[in-house]
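Novice: One-letter residues, chain by chain:
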Amino acid sequence: MLLRGSNGFDGPDSALAAISGADCETGVASGAAILAFAEAIMESDEKKLACARNVILDQLGEGGLVECSAVAANFSQMVRIADSTGIPLDPPLMSMADPIRDVLKIDNFESAKNTI
Amino acid sequence: MSLSYSAARYSVRQDLEQAHQRLWASLSAPGTWLTSAERIEVASQARLARHDGTLERNSSILSQGLLEVAKVVGGNPKSINRIWFDEIVPKKLSVERYVEAVGVIARSVSVDVFSKGLGLSLPDFPEWQDGSPTMVRPATAKVDVGWVPMIPNGREGGQEAIKVFGGVNANVIRALSLVPDEVKGLLDLLEHQYIEDKKVTDPSYESNRGISRAQTELLAGRVSALNDCFY
Numbered sequence: 001m002l003l004r005g006s007n008g009f010d011g012p013d014s015a016l017a018a019i020s021g022a023d024c025e026t027g028v029a030s031g032a033a034i035l036a037f038a039e040a041i042m043e044s045d046e047k048k049l050a051c052a053r054n055v056i057l058d059q060l061g062e063g064g065l066v067e068c069s070a071v072a073a074n075f076s077q078m079v080r081i082a083d084s085t086g087i088p089l090d091p092p093l094m095s096m097a098d099p100i101r102d103v104l105k106i107d108n109f110e111s112a113k114n115t116i
Numbered sequence: 001m002s003l004s005y006s007a008a009r010y011s012v013r014q015d016l017e018q019a020h021q022r023l024w025a026s027l028s029a030p031g032t033w034l035t036s037a038e039r040i041e042v043a044s045q046a047r048l049a050r051h052d053g054t055l056e057r058n059s060s061i062l063s064q065g066l067l068e069v070a071k072v073v074g075g076n077p078k079s080i081n082r083i084w085f086d087e088i089v090p091k092k093l094s095v096e097r098y099v100e101a102v103g104v105i106a107r108s109v110s111v112d113v114f115s116k117g118l119g120l121s122l123p124d125f126p127e128w129q130d131g132s133p134t135m136v137r138p139a140t141a142k143v144d145v146g147w148v149p150m151i152p153n154g155r156e157g158g159q160e161a162i163k164v165f166g167g168v169n170a171n172v173i174r175a176l177s178l179v180p181d182e183v184k185g186l187l188d189l190l191e192h193q194y195i196e197d198k199k200v201t202d203p204s205y206e207s208n209r210g211i212s213r214a215q216t217e218l219l220a221g222r223v224s225a226l227n228d229c230f231y
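Chains as they are written, first to last, in this note's numbering: chain A, 1 to 116; chain B, 1 to 231.
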C-alpha cells in the first residue's frame, strides 16, 4: 500500500505480485536486486546472501546495502510483534488492502486468521 | 559488552549504531516483568532457535513458557496462532511476561538480521545486571482488538496513550503497550531502521538515506510476505 503511493514508483500492479514472489516487473529501480536480497537475508544460504549483497553493492552502493539491511531488520521485528499479539489490521489500512489482497495472496497466510 | 559496528567493512550510520547500542543496553537492564538474566537468555534462545529450530533446548534461567516463546517467536513466527498463544498464556506465562518477551525477541532479532545483511558476526549479548523488574502495569491496558491487553487509542487511553505512543497509533505500535518500555524501544528502532513513526503513513516521505521510499517499501513488503505476515 505504501509502495503504491511512494515517490519513484511508477510501476504496474505486477509489482505487488512480485512482493508475493511472482517473477514480475517491479517498476522500482533495482527492484530485482532488492527482492533477491530480501529473499537471501531471510534464508540461511550464505553463498546466496553474499551474491545478493554484491549485487546491491554494485547497484546501490554501501549506503544502499546498509539501508536494505536496516529495513529487512526492521520488518523482521515488526512481523514478530504483529503475529505474536494477534492484532488485526487497522480499519483504514484494511480498506486500503481490500483491492490488493488477491494480488498479494495474503489471505492464505496463517496470520490472516488474526488480522482479517 | 557494548555493541559496535566500527570494525564493519561498510560504514554504518552513527544514529543507527547508537539505536542498536541503546537496545543492547536495555537488554542488559532489568525489565518491567523480566529480570536482566531472563531478557538476555530469551534473546539468546531466540537466536539459537533461528539458527536451528529443530533442536529442543533447556535453560536453567527460563521457565518452559519463556523458552517456548523464545523458540517459536524467534525461530518460527509463521507457526504462531491463537491455539498456540492460548496454550502459553496464562497457563505457562503471565501475559505481561509474554508481551515483554515478544518485545525483547523481536527487537534483538532486528540486530541479528542487520548484522547478517552486512556479513558481520552476530554481536555477543551483554552481561546481565542485578536488579528487580519494576512490575508496573498501565492502568488503562485492556484486551480490545488483539490477544493481549493494550493501552487503548484516544480518550480511553488518556495520558498513558499520549505518553507511550502519542495518543493514537497503529495496532502494531500499540501491541506491546502493556509494557511501555518495549514500545519506547520499538519506536526508537523504527525511526533509525526504517522511518520515524509519524512519517510512516505518508508514502511520499523520503528519509534521504541510501534507498528511495519505493525501494524501502518493496523490500519491506517482500520481507513481510516471506514471513507470511498479513499485517
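In case anyone wonders, no lab produced these hints; they're calculated from the structure. Just so it is clear, CB atoms sit at the ideal spot from N, CA and C, and this is done for glycine as well. It is possible that part of the hints are untrue.
Footprint (simulated), chain B over chain A, 3 or more residues, beta carbon under 8 Å [to be verified]:
hint	segment
1	28-36
2	44-56
3	68-74
4	78-91
Cut-off 30 Å, straight-line C-alpha distance, at most; resulting in silico cross-link-like pairs (DSSO-like, lysine-lysine) [unchecked claim]:
hint	chain 1	residue 1	chain 2	residue 2
5	A	K48	B	K91
6	A	K47	B	K71
7	B	K199	B	K92
Novice: Now look at each hint and say whether the structure bears it out.
Specialist: Results of checking the hints against the structure:
1. 28-36: The restraint on the segment 28-36 of chain A holds, since 6 of its residues have a Cβ under 8 Å from chain B and three suffice.
2. 44-56: As far as the segment 44-56 of chain A goes, the hint holds, because 4 residues have Cβ atoms under 8 Å from chain B.
3. 68-74: This one holds; 7 residues, not fewer than the three required, reach chain B with a Cβ under 8 Å.
4. 78-91: With 13 residues close enough to chain B, the hint holds.
5. A:K48 - B:K91: Measuring from Cα to Cα gives roughly 42 Å; hence the hint is violated.
6. A:K47 - B:K71: holds (26 Å)
7. B:K199 - B:K92: Between K199 (chain B) and K92 (chain B) the Cα gap is close to 38 Å, so the pair fails against 30 Å, i.e. violated.
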